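Engineer: Spelled out from the first residue to the last, the chains are:
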Amino acid sequence: MDDYILEMKNITKTFPGVKALDNVNFKVRRGEIHCLVGENGAGKSTLMKVLSGVHPYGTYSGDIVYNGEVQQFKTIADSEEKGIVIIYQELALIPELSLYENIYFGHEIMKGRSIDWNETIVRAKEVLKKVRLNIDPSMKVKELGVGNQQLVEIAKALSKKVKLLILDEPTAALNEDDSQNLLKLIRELKEEGVTCIMISHKLREITAIADTITVLRDGTTVCSMDCHEREITESEIIKHMVGREMNNIYPKREKREFGEVALELKNWTVEDPAKGREILHNVSINVRKGEIVGLQGLMGAGRTELALSIFGNPYKYKLLGGEIFVNGEKKHFHNPKEAIKNGVAYVTEDRKGNGLILIQDIRYNITIANLEALTDGLAINANEEIKVANEYKERINIKAPSIKQKVRNLSGGNQQKVQLAKWMFVKPKVLILDEPTRGIDVGAKYEIYTLMNQLVEQGMSIIMISSELPEVLGMSDRLYVMSEGKITGEFLAEEATEQKVMAMAVKS
Amino acid sequence: MEKQNEKKGIGAEMLQGVKSNVRDYMMYIALVVIMIFFTWKTNGGFIQARNIANLINQAGYVAILAIGMTLILILVHIDLSVGYVAGFCGAVAAVLMTKYNINEWLAILIVLLLGLVIGLYQGTLVTRIGVPAFVTTLAGMFIFRGLLNLTLQETGTIIVPNEGFNALSNGFIPDFPGESKVHILTMIIGVVAVILMIFSQIKARRANQKYNFKVPSAPVFAMKLIFFSAIIMIIIWVLANYHGIPWTAVIIGVVLFAYNYMLNKTRLGRYIYGIGGNAQAAELSGINVKKVTLFAFCSMSVLAALAGVLYTSRLQSATPTAGLGFEMDAIASSYIGGVAVSGGIGRVTNTIIGTLVIMSLTNGMNLMGMDISYQYIVKGIIFIIAVAFDVRTRNARK
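Chains Y and F, in that order, give the protein sequences.
Anchor point for the first sequence: position 190 equals 190 in this note's numbering, and the numbering is continuous, going up by one each time.
Heads up: take any position in the second sequence, counting from 1, add 508, and you land on this note's numbering.
No wet-lab data here; the hints were simulated from the structure.
Heads up, a few of these hints could be off.
Unchecked claim - EDC-like, lysine to aspartate or glutamate: derived pairs with alpha carbons at most 16 Å apart:
1. F/Lys773 / Y/Glu384
2. F/Lys773 / Y/Glu372
3. F/Lys732 / F/Asp879
4. F/Lys718 / Y/Asp376
5. F/Lys773 / Y/Glu391
6. F/Lys718 / Y/Glu372
Only a predicted model underlies this, so the values are computations on that prediction, with no experimental measurement involved.
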């Protein structure tokens, strides 16, 4: 009865020492939006890589049946020829090239032996219109925001006559507005007959958009649910993902007692010399001892820039005015080192980019920011270092065979825990967490929330930057909303609702 | 798991060990193969005591340069100027000793300070102004080559008469007075070195066991110790039957020990690996990236000055051609010794093995009387094979 565009049958894929996929069955109906969910390491990306030919035919067992025929893709080009296009989480656009060059990169329109640029520009404009980007195709990619870049990726897919579009966490880096925009576009594509497989961690989006939801866990298919037969709830998906009921996404804190102000910022105004304009205007915020303060805002509101300008200003923004007070004392940090010495720590949103040293092991990553504490005389005390690293590994449940494991080989959640361990070992008074749960699975999220609660109960202050509204609302005692470099609102946790916060976040 | 390991037996464990460290073992295997090959081709001439001592003396300046270069390469920079910095500093030392009659030890000190100044100049350009190291040191190549020529313009090649100075790369450590066929002090140093090596290895193994890290089984560990002890003792025995340990070996040993200690035990060392692994993460961890990088360039140029002293001492003269191609030997030594092309990984102890590979090739091909043109080609090929092999094995491990 059902018309399947794709059937993946009994797919098994092993890497040295790991069975990444174990007899996975995955069926996609023609013209539907099919969401693929699962914890990190469940095998979603591997499955898509098998489908698109990144893992070529012969390196896995099982069959890929596409449009009724068994396929043997050896390269991505093979699968693209059949209309299967995959868009990765890390966008694959070239910043310095124009939109039209990017869109037709790899399948240039030829006139004889040379590229027909005129035709390219005309057609690029057409596909850009299809994704509702009415902009000049000769703009450079780097001039666009992340949200629009994502749309350009989709335009690129459309230019390849896509039949089956695979999106790997398309909204992970997008703000609420851009995400909604993108989801709307995916629905429109569906109307036009494009089948879409979407990998996502954002369950709210999934329940809103999916026709079918397939859950993977530990390399096997747990279930495939039809969203039109009955309503699928988030908690049901979570149950399948983790294999247990999760009633409390946000753990409750026993003690909510706030001390004096630990960090205060007054009239903080900052210019980014690279952009030549002010990125923060007159920002005044504070956080008390034992308090979690949320910092909500859309992408580009200036939250990360605010955190970095507090944390010793490593990217050399120009401070035009304002003061920092730590425990009531006025401070001026010239570099991250001084900020750390004064009890301020910053856990970056980009753990692979500027957070962890991936080629080093867990031990070295945990201790790098506070080696002073482990040094007697000239040498680092290796025994003490191992002890410290082991303690943190146990305490925050970093899952790895030993602290000598390279951080590169850990899952996203465990990498994030290593980052947290590193900054906990610095023993800061104020901990700034930038997107602490981005791209990590539900189980690890819960552990990180619990850890945050423990830390504030012990008297630490936390500033949490997050794009996920429910998370900010669920974890914060108080929250600030930022928009275009300004604080546009401040709420106590009890008063805040998603509607109120969003209203402030889009204010300018 | 534990049980399985026991069952596998010693042979399987050793094979496993070789497999997982194939990169390191290849380097030793290559060295042994090269040595055997040249011994065969030169009818045993290569392995004779005289030649081994010669090889060490020849390798001196390259080893010193390669140790400094390892730091630079770990930090994902490069220093192309080291050859002519060495040549220039060596020439200055010669001028100071002959023209100005300055005591040789003072002259060496002055030249090392000169190296420091050069390092400050290049390091500041790289860290404060932001000129890429490749460009800065390429310019340095021109500048210091010019300065070298200028220094020797009036005199041409300067013959250095100072005996103490020349002994650095031609002399041997003294022995106890008395008539003996073998060099007693050399033997004692060898035995002490072996005992220290065994002691420290056992200590490290105990520490690893204490924290339940994986360690090789007792027989494999013992075989490893016996193997390394035997190699040390063979070299010592060969040298002791000749004139003993060359002063160059002592200098290399001291520099190697200091840098190995710094990289493995101190904060500075950890920061160097950290910056090489991810400079942005290091910066956000409170590390002063610029200061550490500046240090690496200063250390490089000081070592280049020392290399210049060794080279001048070796030739007993300063010549306008000193320094030609030194940087290639130094960079090749580091990469053959396992420094990652992408930075963040590398050990100075392995770099020394890389130096031995490169210098054994040079020495062996010279003994065979091979044309210098072919020598360059052979060295280039070995270099590229080593790096290609390195890149492949690292990718495979990902």
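Engineer: Evaluate each hint against the coordinates.
Structural biologist: Each hint tested on the structure:
no.: 1; hint: F/Lys773 / Y/Glu384; result: holds, 13 Å
no.: 2; hint: F/Lys773 / Y/Glu372; result: holds, 13 Å
no.: 3; hint: F/Lys732 / F/Asp879; result: violated, 39 Å
no.: 4; hint: F/Lys718 / Y/Asp376; result: violated, 21 Å
no.: 5; hint: F/Lys773 / Y/Glu391; result: violated, 21 Å
no.: 6; hint: F/Lys718 / Y/Glu372; result: violated, 24 Å
Violated hints, listed in ascending order, are 3, 4, 5 and 6; each of the other numbered hints is respected by the structure.
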